[in-house]
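The primary structure of each chain is shown beneath.
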Amino acid sequence: MGGDNAQVQSPLRHCWDSDPDVVIVAGESAVKKHQSYAAAKAGSAMAAWNLVVATMETIDVLEISGVVRDGDVLVAVHAMEGAGTNKIPDAMAAWIAQRLQVQVDREIVQINRAGHTGASGWHRLANQALFDGPVVAGTSYVLLDDFVGQGGTLSNLRGHLLAHGAKVRGFVAWTGKSRSAKIALSPATLAELRSKHGHIEAWWIAELGFDFARLTQSEAEYLLRVDVDTIRDRVAEARQAAGG
Amino acid sequence: MLTPSEIEWLRHDKQQAVDLFAWMAEQDERLTALTDSERVSA
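First to last, the sequence lines map onto chains A and B.
244 is the number that my numbering gives the last residue of the first sequence; the numbers go up by one with no jumps.
1042 is the number that my numbering gives the last residue of the second sequence; the numbers go up by one with no jumps.
In isolation and in its complexed conformation, chain A is listed as follows:
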């Protein structure tokens, strides 16, 4: 079982293996227009349930059952956002658990306010979500969140589970851009990143607490778009804006 490690400031990232892509349930434009979306994000349980039922039933549950197997445990990102807690991931977990007869984690939570909703890519990179809560070693978990952008939050939850002896079967996001589905960093992208920005990797490790091999595919692609001065400036600005 993992203990309380609330003093840890850096996420527990792990190198990528043969991790599958994120299953994205619905397109962003459709779900954000739903009448229950704002209330669900603000913490209304009924709105979250209505939203999840309306969208989850449009997909083939077999797509999710290809990720979730007997004995797996679903773990939903549960975090403080603004004045409340976003309950969409918890509603997704219940919907899937009822259909596939699997268990849902009750105790793993995000232990900081990352402020990711509506934030820039730089803010997301510089202010990582951190997790804590008991993990059952040897158990396979499927990770759920309402949105996948750069994949950092799912990657950090994965790191918390792997660090405590669990396995990660896969990832399901309620919505996100299709290009975000590929979460595991490819060897080719890592090589390109190190070729272009390798001379600041030691600085990156000192700032973020993990090396380039532990970035997600989308995070690495984000860094490849700019030069090293921009990376250093934007990370510092994002940390400062967040009060860090």
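Check the hints yourself; a few may be wrong.
Computed from the model, here is a short list of chain B residues facing chain A with C-beta under 8 Å [unchecked claim]:
#	residue
1	Ile-1007
2	Asp-1013
3	Leu-1020
4	Ala-1022
Since the hints were made in silico from the structure, they are not lab data.
No residue lacks a Cβ here, since even glycine has one placed at the ideal position from N, Cα and C.
Since the structure of chain A is provided, determine the placement of chain B on it from the hints.
What follows is chain B alone, placed relative to chain A:
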């Protein structure tokens, strides 16, 4: 970073959400399983 009491509150909030949504999912499945006439009387 959240305080220990905020983390404890968040865990409790997650447990409540898990229980509530499990109940909602069960009720939805029971309603779906009913025939139309049973649904009217329910």
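Discussion item. When the structure is checked against the list of hints, which entries are broken? Sort them ascending.
Written reply: Per hint list: zero violations.
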